[in-house]
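Residue numbers (the numbering used here), protein chains in the order written: chain U, 1 to 113; chain V, 114 to 228.
If you're looking for bench data, these hints aren't it; they were derived computationally from the structure.
Built from N, CA and C at the ideal position, the CB exists for glycine as well.
Hints may be right or wrong, so weigh each one.
Said to hold, decoys possible - Coverage of chain V stretches by chain U, computed from C-beta distances (three or more under 8 Å per stretch; other residues unrestricted):
no., segment
1, 151-161
2, 220-226
Said to hold, decoys possible - Computed footprint of chain V on chain U; a stretch qualifies when at least three of its residues, placed anywhere within it, have a C-beta under 8 Å from a C-beta of chain V:
no., segment
3, 21-32
4, 54-68
Spelled out from the first residue to the last, the chains are:
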Amino acid sequence: DAKTTQPTSMDCAEGRAANLPCNHSTISGNEYVYWYRQIHSQGPQYIIHGLKNNETNEMASLIITEDRKSSTLILPHATLRDTAVYYCIVRLEGYGSQGNLIFGKGTKLSVKP
Amino acid sequence: DVKVTQSSRYLVKRTGEKVFLECVQDMDHENMFWYRQDPGLGLRLIYFSYDVKMKEKGDIPEGYSVSREKKERFSLILESASTNQTSMYLCASSSRRWENTGELFFGEGSRLTVL
Numbered sequence: 001d002a003k004t005t006q007p008t009s010m011d012c013a014e015g016r017a018a019n020l021p022c023n024h025s026t027i028s029g030n031e032y033v034y035w036y037r038q039i040h041s042q043g044p045q046y047i048i049h050g051l052k053n054n055e056t057n058e059m060a061s062l063i064i065t066e067d068r069k070s071s072t073l074i075l076p077h078a079t080l081r082d083t084a085v086y087y088c089i090v091r092l093e094g095y096g097s098q099g100n101l102i103f104g105k106g107t108k109l110s111v112k113p
Numbered sequence: 114d115v116k117v118t119q120s121s122r123y124l125v126k127r128t129g130e131k132v133f134l135e136c137v138q139d140m141d142h143e144n145m146f147w148y149r150q151d152p153g154l155g156l157r158l159i160y161f162s163y164d165v166k167m168k169e170k171g172d173i174p175e176g177y178s179v180s181r182e183k184k185e186r187f188s189l190i191l192e193s194a195s196t197n198q199t200s201m202y203l204c205a206s207s208s209r210r211w212e213n214t215g216e217l218f219f220g221e222g223s224r225l226t227v228l
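Take the sequences, apply the hints, and build the full model.
Right, dumping it as structure tokens:
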């Protein structure tokens, strides 16, 4: 699976958009970008995933550059409850039932009042 | 609400003890996983199972074994606990269709301390 690079930490003001970048310059054509987050003392939680088109759901939006070498997760109106570690993961679809998501160190997002 | 339940949030065991970590999911998922999480190392896959009585080694299976006798339950066993197995253990499950949905459901974790 392609390696991802994320900033170690970011701050965001409550109510503002949080934009979390991820670089995956070695991504191949059939690898998806996944985002998970982990709130302190809880297990990781799935947020969103995409291949090449931008995606949006009730939690967030995912913007993938045209060359697919980077992406941005957008939380449109961050709240204090969005404070968490955010993981960007690249994975082949149809990897079989192994489901071996490789979680890196992620970005610690701190939402401040 | 979908749920993955781990039997104990916190455990303290002594070196050499046999330790059982239990995980139950109520979503009728085929796939179940055990990860451990350590500061600076992220999540690492220990074992996974894609069906009852089936198991596959992950990245760090040494010192661990697993059991999947029923679809909803996946147990992690430390035959003889050692201090380097002090960690947060996370169980997860997914449907067989997860290859398309990308969604793993995690439990809240079991923090094991081995003295």
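Results of checking the hints against the structure:
{"no.": "1", "hint": "151-161", "verdict": "holds (count 5)"}
{"no.": "2", "hint": "220-226", "verdict": "holds (count 3)"}
{"no.": "3", "hint": "21-32", "verdict": "violated (count 1)"}
{"no.": "4", "hint": "54-68", "verdict": "violated (count 0)"}
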